[in-house]
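Which chain is which? The protein sequence lines are Z and Y, in order.
The first sequence maps to residues 2 to 317 in our numbering.
The second sequence maps to residues 448 to 733 in our numbering.
If you're looking for bench data, these hints aren't it; they were derived computationally from the structure.
Given the structure is predicted, the values throughout are model-derived calculations rather than measurements.
There's no promise every hint is true.
Computed cross-link-like contacts, DSS-like style, restricted to lysine-lysine with a CA-CA straight-line distance of at most 30 Å [unchecked claim]:
no. : chain 1 : residue 1 : chain 2 : residue 2
1   : Y       : Lys482    : Y       : Lys713
2   : Y       : Lys680    : Z       : Lys117
3   : Y       : Lys547    : Y       : Lys713
4   : Y       : Lys547    : Y       : Lys482
5   : Y       : Lys483    : Y       : Lys472
6   : Y       : Lys713    : Z       : Lys120
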Amino acid sequence: MALEFEQPILELESRIRELREYAQEKGVDLSDEIALLEQKLERLQKETFANLSRWQRVQLARAPGRPTTLDIVQHVFEDFVELHGDRAFADDPAIVGGLARFHGRSVVVVGHQKGKTTKENIHRNFGMPHPEGYRKAMRMMDLADRFGFPFVSLVDTPGAYPGVSAEERGQAWVIAQSIQRMGRLRVPAVAVILGEGGSGGALAIAVGNRVLIMENAWYSVISPESCAAILWRDAAQAEQAADALKLTAHDLRELGVVDRVIPEPGGGAHRHPERAMQALAEALAEELAELERLTPEELLEDRYRRFRQMGAVREA
Amino acid sequence: MALDRLFRRRRTRGGGRDVPELWLKCPACEAQIYKKDLEANLMVCPECGHHFRMGVVERVRLLADEGSFEATTGHVQPEDPLRFRDTEPYTERLARYQQKTGRPDAIYGGTCTVGRVPALLLAMDYAFAGGSMGSVVGEEIARGAERAAGEGRALVIVAASGGARMQEAALSLMQMAKTTMALDRLWERRLPYVSILTDPTTGGVTASFATLADVILAEPGALIGFAGPRVIKQTIRQDLPEGFQRSEFLLQHGLLDRVVPRSELKATLARILRLLHPEGAQADGA
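This is chain Z alone, in the form it adopts within the complex:
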């Protein structure tokens, strides 16, 4: 399932593939034609991706095939051991986490988990956690603190689940608690927005000393569709809402909400997940190395200062 603006690129790619197959089959030399088309492809890809609208980036952020938390713990980390459950009610499949090794050190990793197929997505509730998911995340934070391991969180959720049972079990309460718990970590904390950073359900595990974001991810107080439904009374105005919300990686870097944008390979992370994960691994290694020079007190103070100065106000 390709996105609309990807179509011309995909068509060109398939033409190149066909030509190659044809050349091989018939034993003719079409290398000049192929080279020409490849140049054209590269140009087209560059042009398309240099001029992406915010709404197109939102679509990329949701594209199936982007690296998920479980992809990353397999490729970027070593020896991942998943830990389950909130020790109170259930194990929420929309948030996963556990112990792993990263560049020789033990770390705790937690992240939202979306599915790759419809069936898996239903199981994962499309990456929308219930309260027990955040309780599990808080358990992991405790674990990181207890052993002095860095805490890495991977954010990819349309938002916390808005349902009756979630409300009954205190969805708002656990999000608030999770924000507070993460703010109190005495170990280095790095959050990476992988795809969708949907509101409080994302922030609950994104109170890092450093907040990184993939180039085509979005992060805001509300999804463009919901924003449009409320402010324009028409969810179809999502494209306008995406522009108004300034929710892309580069917007957020300018607003000071994120510290670093992780570049995605041409065509987007969903088309080259390995290269995207490589870039993520490099960025994470650098940020952790820097943070590990700070004492627990300095880490607390650093995080407090980071979030304390957020916002735009004027003294009267």
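Take the given structure of chain Z and dock chain Y to it, following the hints.
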């Protein structure tokens, strides 16, 4: 918003002159109430006890000891960092609310005593953009918590808010972390924080400072939750259970400490603060 509608000047049928509405109908029991009676009864229906929304100035008057209040808010003005525009530019919306309320943003409060306990009292103003939390509300709450910690005061926040303010987008979201983290300044000094949830308290406010208090009180019948009922209904495509997301429902589910009628709110708050605050015993004896 409901209150605006109720108090809106209406044309009388016969004359052409605008007169203020003197009577209004209780949305719960449909009784006709004389407006002055409602005000004298703390905006609570004398017939059925339905709690109408209360203005922030009246709220401060209700909770602060007489003559003790000194405003600290009002010096921080909102900006338009995103140059946000939906059907109307954010700056124009702000100007309209500022004119309507006479305040720069959706929060009002200051230092006072409550039952002789030194406190910092903040009330969110639902009449200003639905009490939504943008940078100014976040900043006032963070400053309030820091000041309370610095001056040995209890922190009391009366919440009334639809959540984080969309027009400041990610910066509003960040206020959830900012306010939450500022509360820790009170922890370090063992100073109490009491949260009073009023109708309505939803979204990013419920999911941050408002539910992180040492004691959480709520007014009867208040709508309190994460997602709004409309969003939930759309998601699950079912009718919501009776009383869902109301104070009494939340008390039953273990999410609140007490549901307190407005007439008892001041006395209850004062008792709790005296028990929690390091100087509470002295205030008791005074």
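Taking the numbered hints from earlier one at a time, note which ones the structure violates and give those numbers from smallest to largest. Those not satisfied come down to hint 6.
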